[in-house]
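Listed below are the residues making up each chain.
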Amino acid sequence: MRLLRCCLPVLALLPLGALATPVAELFNARLKSVVAVEFFIQAETERQPVMVLGSVIDDNGTVILPGAAILPGVAPSQLKDFKVYRPGSTESAPAVYLGQDAFTGWHFVRIDEKARAGLVPVTRWTVAQAEPAMGEELWGIGLRNKDEDFQPYFLSSRVAVTMKLPQKTVILGSDVASPGLPVFNAAGELAGLAQTSFGQNFLLFSRNQRGNPVVLVNVEESSVVLLAAEVLPYLGRIPQSVSGRPIAWFGAYGLQPMDPEVAKLLKLENQSGVVVSDIMKSSPADQAGLQERDIILAIDGQPLPRLKPDRVVVSYFGQEILRRLPGDVVTLAVLRGTTRVEVKLKLGDEPKLVREADRHYFERLGFTAREFLYNDGILHRANPGTTEGVMVHFVKPGTAVATAGLRPDDWVREIDGTPVKTYASALEKLAAIEADKARAEFVLLVSRGGETQVLRVKLN
Amino acid sequence: MSRGFNRLLDAVVRIDVREIEFTDGAKRITGGVGSGVIISSDGLVLTNAHVVSPQAVEVSITLASLERVNAKLVGWDHWTDLALLRIDLDAVKRRNLSFTAAEFGDSDDLFVGQTVYAVGTPHGLTRTVTRGIISNNDRYFEDSRGVNGYETGAFNTWLQTDAAINPGNSGGPLVTEDGKVIGINSRGYIGADNLGFAIPARVARSVAATLVKSGAVTRSYAGIGFRELQDLERFYSLSANTGVLVANVDVGSPAAKAGLRAGDVVLTLNGQKVDGRFPEQLPPIQQSIASLPVGATVKLGVKRGDRLVELGAVTEKLESRVGEEWAFEKWGLTVRKVSRAYARENQLTDETGVVVLGVQPGYPAAEAGLARGDIITKVGSKTIAELAQLKALYAAYEAKPEPQLVEAQRSRRISLYVIKP
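Quick mapping for you: the protein sequence lines, in order, are chains A and B. Per the working numbering, numbering through the first sequence is continuous, rising by one, with the last residue being 463. Per the working numbering, numbering through the second sequence is continuous, rising by one, with the last residue being 1442.
Among the clues, some could well be false.
[Said to hold, decoys possible] Listed next, with one range per pair, are the computed distances between beta-carbon atoms: (1) A:G452 to B:E1337: 20 to 30 Å; (2) B:R1049 to A:V218: 26 to 36 Å; (3) B:G1401 to A:V332: 28 to 38 Å; (4) B:K1441 to A:F205: 47 to 57 Å; (5) A:G176 to B:H1144: 52 to 62 Å; (6) B:L1329 to A:R410: 45 to 55 Å; (7) A:G452 to B:N1169: 29 to 39 Å.
Since the hints were made in silico from the structure, they are not lab data. We put the beta carbon where it would ideally sit given N, CA and C, even for glycine.
Could you put together the complete structure from these sequences and hints?
Dropping the structure here:
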């Protein structure tokens, strides 16, 4: 029913005879650039099916998926059984996961060679030369769910506004495509790529509640479109490995935007800056002498622009770092107190991420131990370079460790009264406990929110 | 009822309090009702710390004779949830009023199942008597925010009774059939039936005596988070009835400086054997450190793995997590000083700054973007180490309102704000 509601008025709006090619013809041709991708996230005890939509970007069957498709902590080894479906089809073809690009956030997937016939990369379509004007009508593709055979449908809307977020992004009056799928103008030229939708404020009225404010996000359709000029140059960023490396590392935590009032008081006319909250020890930022409370005003001579809303400047700066490579040198103009200083900084290699960390699930004990990472040390405010202990990644509900009070993100410092020096030694100890069927109990010392607790785990 | 019980009824008072609250970016006066018991012929009244706090601006007492008279706070101790008031004796004399003082009984002599009565003002219903029994006379009931956000219950166990205890009973006495005060009613389990708790008379008498003398109870702090050993004796290969587990050592605390570690088992405290197998055994252990003079050395006999070590921690003064509160009314901002305990709890590097308790919508602080929970660390170029510094800056602002650059942290993120007239 929803399909009918959204399509009928739209069709009625189309100016008859205004298009050189009938829109249905354009639509059907461009359907060859979109696919539905299904895979599973294999967790310790359960499998979670995921269904996302993607756009074909080259003749090698490469597909990009929105960054939000996979949560950051999920290891590539947990991603299983990638399958690709064409619109309106029940036939699937296998695909492989290539990794996530740090700069764009896109996940890359490659369709099996045998199933690539008939696919047309989005790059094949003529690119709209001008930015879409306010009020211009754009259209896109929506795909229904698996139970409706990924039935394609037509969406269209008019441009409401173009913003820098920090990339040039068009916001339309209503939904124009499913997230991850391309958007076109009336001539069928590529205008951009639909992004994950923004939240919209609503008031929820019900029998018990009067006008409760809620934020709703449409996960099936979007009115937010990244312009083609912000998409096409980066389609080549296909990860060299599933780790998505190399990833440039700056090494400051909690960059905060400033509002125009603050900029005015600091006499920073028409520009912005980011406040550095915390410098990670022995990181590139630390080695370059950047300090807490420094305000970064420019990178490589380019002043940080004033973007709306204020927090976009933080993404802007983050992307300026991520578009560079480890080893690149950046020059920052910094306001330190009342003086301006210049900081030359050599970008490093991003420390190991959670998704890359070694982990092991102890089935009988009912929890997963994960190696302690640099970033865990930051979160737990440990001394820099601490590598002792292991992190608890998962706790199976109802098991002995859960009853004893072990929780995900606990930092295990000692096992049976012995400090955990390395990940390997922890695994060895835990494996021995797991294998010892006669054992009645073991004791963990865990750290949580700066406090420690002794947990006694009763086995059997 | 006995003559003693009738005498007791004449000693129970209703307490009406008006106090300052700093919650929503403004200084507001709120009212409350509680109970109390007169414990001396010179007009000392014992009640709960959560009934009358130092933020009280007006305390009015209704005597059994239905006469009202004002009272002043003598002293306050949230750790035991006790407050001591003094009735305005001049007014008593002038108006020719009379009152009776209650007598204490021995709370150590109570037995489980013994009949007791709670007397007080539940929900404002003056002079209500409810009856029950002692359900447990040694209940451990620690709460880090139990008394209006202040810590309570670490140094004493509680009497548990099934005599109905409702809001407003707070501060009233729990008495025996002959009218002897054996506890001060203070808390109930919310949502449970007939689970009431009272501070034992033994604790109340000693705290009251200290409050009369010095207005506050000074305690020693070592920074040790004790936990019951409960079934872990075998794991730590201990003989029966020995030792208490150290579950946590506060960062930077005397115990941490002394080298105590989580996972250690304390066997002796200043040469005395300790037995902390069960939770109700923890308060006496904690009290044995708290009752030492500040700056005293606690000698800890510690079992660490297979080794025995002897450590000495020099105690500091125990402080609450709740710091001084204040309202900056023209900014629509209420704050609380970051205390050492608060800094530790939130893993802050030090005690710099004040925590925003609330902002009033439409006022400069709210317009600037400050919100509850932000920690203001700097205004202009001045680091706010003390509340007094912010008060001084505010006074200057009042005299000459100019935009102020404010630096605040929210979960370790530093942001800048401008407070504008």
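Problem set entry | Violations among the numbered hints, reported as their numbers in ascending order | Violated: hints 4, 6, 7.
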